[in-house]
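Colleague: Per the working numbering, numbering of the sequence shown is gapless, rising by one per residue and ending at 390.
Dumping the calculated SDA-like pairs for lysine to any residue here, alpha-carbon to alpha-carbon at most 20 angstroms:
(1) 90 / 76
(2) 367 / 339
(3) 367 / 103
Ranges of calculated distance between the beta carbons of each label pair, as one might list FRET restraints:
(4) 218 / 180: 37 to 45 angstroms
(5) 320 / 143: 43 to 51 angstroms
(6) 253 / 139: 34 to 42 angstroms
(7) 80 / 127: 37 to 45 angstroms
(8) 329 / 90: 39 to 47 angstroms
(9) 296 / 252: 29 to 37 angstroms
(10) 378 / 180: 52 to 60 angstroms
(11) 96 / 336: 27 to 35 angstroms
(12) 178 / 78: 41 to 49 angstroms
(13) 192 / 71: 28 to 36 angstroms
(14) 383 / 178: 46 to 54 angstroms
These are computed hints drawn from the structure, not numbers from a lab. In this text, a Cβ means the ideal position worked out from N, Cα and C, and glycines have one as well.
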Amino acid sequence: MKTGTLTCGLVCFAILAALLICGCGGAQGGPVSAEEADPYFVNFCSDCVKIGGDMIFLDQYGPGGRRLWTAEASGGAAMPLCGKPECTHDSASCNAFVGGTGDICLTYDSGRLYWIESAGTRCTLYSAEIDGSDRRTEAEPDAALYAKVCGYGTLCIHDGYAYFCGSAERVENGTSVFDCAVFRQPLGGGSAEPIYSSTLPAGAVFGRFRGDKLYFAECERLSAYAEEDDEEPTLGYRLFVYDPASGKAEELLHGVNEYDFSYIFTDEDRVVLGGSRPLYYCPETGETRLDDGEGRLDAGVGCGMHWITRSEWEIVSDSGETLFAGSFPLPRMPEALYGRSYIGCDGGAFYYSFISFSFDKPLSFILRFDTATGEAGIVWQSEG
Numbered sequence: 007m008k009t010g011t012l013t014c015g016l017v018c019f020a021i022l023a024a025l026l027i028c029g030c031g032g033a034q035g036g037p038v039s040a041e042e043a044d045p046y047f048v049n050f051c052s053d054c055v056k057i058g059g060d061m062i063f064l065d066q067y068g069p070g071g072r073r074l075w076t077a078e079a080s081g082g083a084a085m086p087l088c089g090k091p092e093c094t095h096d097s098a099s100c101n102a103f104v105g106g107t108g109d110i111c112l113t114y115d116s117g118r119l120y121w122i123e124s125a126g127t128r129c130t131l132y133s134a135e136i137d138g139s140d141r142r143t144e145a146e147p148d149a150a151l152y153a154k155v156c157g158y159g160t161l162c163i164h165d166g167y168a169y170f171c172g173s174a175e176r177v178e179n180g181t182s183v184f185d186c187a188v189f190r191q192p193l194g195g196g197s198a199e200p201i202y203s204s205t206l207p208a209g210a211v212f213g214r215f216r217g218d219k220l221y222f223a224e225c226e227r228l229s230a231y232a233e234e235d236d237e238e239p240t241l242g243y244r245l246f247v248y249d250p251a252s253g254k255a256e257e258l259l260h261g262v263n264e265y266d267f268s269y270i271f272t273d274e275d276r277v278v279l280g281g282s283r284p285l286y287y288c289p290e291t292g293e294t295r296l297d298d299g300e301g302r303l304d305a306g307v308g309c310g311m312h313w314i315t316r317s318e319w320e321i322v323s324d325s326g327e328t329l330f331a332g333s334f335p336l337p338r339m340p341e342a343l344y345g346r347s348y349i350g351c352d353g354g355a356f357y358y359s360f361i362s363f364s365f366d367k368p369l370s371f372i373l374r375f376d377t378a379t380g381e382a383g384i385v386w387q388s389e390g
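All chains, full assembly: derive it from the sequences and hints.
Modeller: Written as structure tokens, this is what we have:
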């Protein structure tokens, strides 16, 4: 059976990338300035952003609690994201520490980081400068609406509003039900505005802006529908566009296939649903294309990362040619079972997180796979 389970690890992150030819014209890629976040990082179940040459991410298992970190994407220096002079980063007074539980939906807009600190269905939206300084409380999201999105989801900041996309599981008459919803709320206070809601047996909702419009997808998840002996699981997906100017959401695609999607990416020419196999949609023409690769393929700039087994990988070209291949673990990584999550691609490399549970406390790694040489290297390793 061809499966593509939704991977949401601890430091779960990911890019979907850009610049595959999809009948909509070639997308324009390349380095981004330090004034904007790299657009090729996935923002569903992802607590990581890349700004210029630096990555900012959440360490779930830091001493004393969860902390935000910054690291050079090339594998250079790394440190807690604090911004306080002479801070020792070992107490709750450090700006790097993040409270709450679950994903924080870390995102970036106009020079500031934004994230959610939650406890169940209650949460607070915070922001800070990209060095961790000037931390602010931005909003207290509507509790009733946030209860529908407090599971897996995404956070977008655009034109003075926070956009929440997500789903949450509840029990109704003894049956598990997923609420799927999208809403927005002004930064600095104000009433929340519902955009979309539905229920699925197991649903996921994630979104991203393209220009001034929000594209969001509602997808069924493989685990709720397929047993190991299923040959053709049926997984539904729907893609929408929301125009803040008109306040209306329009359905663009509605389909069923055997692969699930777990993130969304947008660029000048297309919208991409990624996961087990990417699906490409061109807003200008309405054209769609499902990637024809076999197995799990994480799309990148002109190529993709294909995982053959849990410990073997290869970089493949758009035409399916194997460019590089490798295996794990690296010498500095323990020989153990790894939980792997896709972080993203910046045109020159793919990034993944790995989690080892073989010790008293988990070890986390972020690895970089060079698309030109095929070499893998450690960007960051949690404190053991």
